[in-house]
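Number of protein chains: 2
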Amino acid sequence: MIETKAYAAYTPTTPLAPFDFERREVGPHDVQVEILYCGVCHSDLHQSRDEWGGSIYPMVPGHEIVGKVVKAGEHVKKFKAGDLAGVGVMVDSCRVCDHCRQSLEQYCVEGMTGTYNTMERDGKTVAQGGYSTQIVVDERYVLSISPKLDLKAVAPLLCAGITTYSPLRYVNVTKGTRVAVAGLGGLGHMAVKFAVSFGAEVTMLSTSPSKEADAKKLGAHKFVLTSDKEQLKKYEGYFDVIINTVAANHSYETYLNLLALNGKMVVVGIPPKASEVPAGKLLDNRRSIIGSMIGGMKETQEMLDYCAEHNIVSDIEVIKMQDINEAYGRMLKNDVKYRFVIDLASLK
Amino acid sequence: MIETKAYAAYTPTTPLAPFDFERREVGPHDVQVEILYCGVCHSDLHQSRDEWGGSIYPMVPGHEIVGKVVKAGEHVKKFKAGDLAGVGVMVDSCRVCDHCRQSLEQYCVEGMTGTYNTMERDGKTVAQGGYSTQIVVDERYVLSISPKLDLKAVAPLLCAGITTYSPLRYVNVTKGTRVAVAGLGGLGHMAVKFAVSFGAEVTMLSTSPSKEADAKKLGAHKFVLTSDKEQLKKYEGYFDVIINTVAANHSYETYLNLLALNGKMVVVGIPPKASEVPAGKLLDNRRSIIGSMIGGMKETQEMLDYCAEHNIVSDIEVIKMQDINEAYGRMLKNDVKYRFVIDLASLK
Numbered sequence: 001m002i003e004t005k006a007y008a009a010y011t012p013t014t015p016l017a018p019f020d021f022e023r024r025e026v027g028p029h030d031v032q033v034e035i036l037y038c039g040v041c042h043s044d045l046h047q048s049r050d051e052w053g054g055s056i057y058p059m060v061p062g063h064e065i066v067g068k069v070v071k072a073g074e075h076v077k078k079f080k081a082g083d084l085a086g087v088g089v090m091v092d093s094c095r096v097c098d099h100c101r102q103s104l105e106q107y108c109v110e111g112m113t114g115t116y117n118t119m120e121r122d123g124k125t126v127a128q129g130g131y132s133t134q135i136v137v138d139e140r141y142v143l144s145i146s147p148k149l150d151l152k153a154v155a156p157l158l159c160a161g162i163t164t165y166s167p168l169r170y171v172n173v174t175k176g177t178r179v180a181v182a183g184l185g186g187l188g189h190m191a192v193k194f195a196v197s198f199g200a201e202v203t204m205l206s207t208s209p210s211k212e213a214d215a216k217k218l219g220a221h222k223f224v225l226t227s228d229k230e231q232l233k234k235y236e237g238y239f240d241v242i243i244n245t246v247a248a249n250h251s252y253e254t255y256l257n258l259l260a261l262n263g264k265m266v267v268v269g270i271p272p273k274a275s276e277v278p279a280g281k282l283l284d285n286r287r288s289i290i291g292s293m294i295g296g297m298k299e300t301q302e303m304l305d306y307c308a309e310h311n312i313v314s315d316i317e318v319i320k321m322q323d324i325n326e327a328y329g330r331m332l333k334n335d336v337k338y339r340f341v342i343d344l345a346s347l348k
Numbered sequence: 001m002i003e004t005k006a007y008a009a010y011t012p013t014t015p016l017a018p019f020d021f022e023r024r025e026v027g028p029h030d031v032q033v034e035i036l037y038c039g040v041c042h043s044d045l046h047q048s049r050d051e052w053g054g055s056i057y058p059m060v061p062g063h064e065i066v067g068k069v070v071k072a073g074e075h076v077k078k079f080k081a082g083d084l085a086g087v088g089v090m091v092d093s094c095r096v097c098d099h100c101r102q103s104l105e106q107y108c109v110e111g112m113t114g115t116y117n118t119m120e121r122d123g124k125t126v127a128q129g130g131y132s133t134q135i136v137v138d139e140r141y142v143l144s145i146s147p148k149l150d151l152k153a154v155a156p157l158l159c160a161g162i163t164t165y166s167p168l169r170y171v172n173v174t175k176g177t178r179v180a181v182a183g184l185g186g187l188g189h190m191a192v193k194f195a196v197s198f199g200a201e202v203t204m205l206s207t208s209p210s211k212e213a214d215a216k217k218l219g220a221h222k223f224v225l226t227s228d229k230e231q232l233k234k235y236e237g238y239f240d241v242i243i244n245t246v247a248a249n250h251s252y253e254t255y256l257n258l259l260a261l262n263g264k265m266v267v268v269g270i271p272p273k274a275s276e277v278p279a280g281k282l283l284d285n286r287r288s289i290i291g292s293m294i295g296g297m298k299e300t301q302e303m304l305d306y307c308a309e310h311n312i313v314s315d316i317e318v319i320k321m322q323d324i325n326e327a328y329g330r331m332l333k334n335d336v337k338y339r340f341v342i343d344l345a346s347l348k
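Those sequence lines, one after another, are chains Y and R.
So that you can map any letter, position 270 of the first sequence is 270 in my numbering, and since no number is skipped, the others follow by simple counting.
So that you can map any letter, position 56 of the second sequence is 56 in my numbering, and since no number is skipped, the others follow by simple counting.
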């Protein structure tokens, strides 16, 4: 077994604290990755505090994992010791259903195996995430990472990156597409970067005037203050695509109004309460609302390769593992541009 | 001016009663149609009772109009006296916006001109509908009807028909597509007929067991009783497309659960209250909700030609104009299979 140092949530209400555990031995199809950096996703906080229910403790959060391969099983083809590698939101799936066969493993009919806070498919091992020094994963669920990119800034691509890249591709965002991004956080800032890179005309939608300069620094071309009725009126029926990253409760009506003919709002955030949809706003302009969840393994690799080619990474703030509880506090105040990334050297 | 006999709503609370008025003279691009039959749409009842607000009285409802051309203006190309013709939900639009140019006049940027309960584009004439003996419409908004079909059963195609045909085409329903239809009324029964005709596997979704035999008579292959949790469980993630014709208040969650990977629910009914959408149900299986409103002039003609070729008409019950108030009462109890059609001979 592989000794692993980590930080874990022990209960919903206590701070994360040191935790030692063992990873499984490297099997013939497994890759052992020494974790160098791990992004801090808002869902880490939700799950460590049991805000979605059913949390398994002690829980090592983290599903934006990058590091260096230290060992590859005898049948592993894609990796060798020394390669850079990543692990995202899932570490397994049934592999045989129609969706897995299409490499849409995130929609596995049996349910994908999340990277933490779930049981692995052996039914007895608790999956533990990336706030740790080592991880062992079947190579099918491990991504190759180019040495061209700044590794620590690659980590958030594994969740925030693919979650926004995949829907932009799904709705065919391309040169000239009018794309709006609602919400400027970990997901929103990646949506802006990708949409700009695909040649779209990109507009940030926000209730906060201070986000205008931030969004434009990321490449956004326009800014609409959604608390200003006149600005909303001006952009009625304007956008082909809205990437809605807002995870707070909200009605979809304000955004739907802004969609052009055949316009599509892609929802990637899950507000605690169901959102209201007035059907008339969908019938107007034949609008759609589409849900999208991360991306499959093939598309995640494609996204990472695209990022290497176009020099796209996340904007991050590096923290030590010991600072995680403070970082959670700052995340709750949106006091991060735009993702915390843990430097696991702090645990060694 | 053209003397026209009609039935009109004079107030929101009184029964429809006889009304005489004049249609405009036939202009160079106009077609005068002697109305032979007019379908009774649920929206006629809503508007005559001012349930959507802003109703204009006296109001002659009716937007499922078929009849015979009695006069064609000098520049009219598509019609001559004696031809069968139809008029649907609109009689005009701006004609120059991007949507009109695509023959998606129902999404006209300035707003289409409805067939009744609105002002015509001259700003002074009240548009009056098909519960009348004559109508004069620019040929751009008049449809050709094949003599092959039973004319009285064609009338509902102008609204119920195109409202279901258009979205089935938009989401590419074809041989083998798993289509479910929610709600078996005027719209639902046409959705079943079209989907069956396109080669889809068609399932009726209903809370009422009595609808099973009815739906199968229309060609549906399967029936799911949506009040039965076990049946719902069995069809979770099953359908590629759901045509949701339900106009009563409801949460979309039950239907979303039934959609397969990339499955699409098309909403064609407008419940009085906004419907609730739990985002998680959209993220699962990358599901969509799409709104669709009637169809453009080009597609409406295509639909009518398709119906002539495939011998598709509505299932109707013919009434006299004098029976309209009783018919409204029966519509409110869903006591019609599936559309009332007024025989305007009763007014002459």
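In short, the hints are calculated from the structure, not lab data.
Do not rely on the hints blindly, as some may be mistaken.
As a list, the in silico EDC-like pairs of lysine to aspartate or glutamate whose alpha-carbon atoms are at most 20 angstroms apart [said to hold, decoys possible]: (1) K273/R - E276/Y; (2) K234/R - E276/Y; (3) K234/Y - E110/R; (4) K273/Y - D315/R; (5) K273/Y - E299/R; (6) K233/Y - E110/R; (7) K333/R - D305/R.
Results for each hint:
| no. | hint | in the structure |
| --- | --- | --- |
| 1 | K273/R - E276/Y | holds (9 angstroms) |
| 2 | K234/R - E276/Y | violated (27 angstroms) |
| 3 | K234/Y - E110/R | holds (15 angstroms) |
| 4 | K273/Y - D315/R | violated (42 angstroms) |
| 5 | K273/Y - E299/R | violated (39 angstroms) |
| 6 | K233/Y - E110/R | holds (14 angstroms) |
| 7 | K333/R - D305/R | violated (33 angstroms) |
Of the numbered hints stated above, those contradicted by the structure are hints 2, 4, 5 and 7, listed in ascending order.
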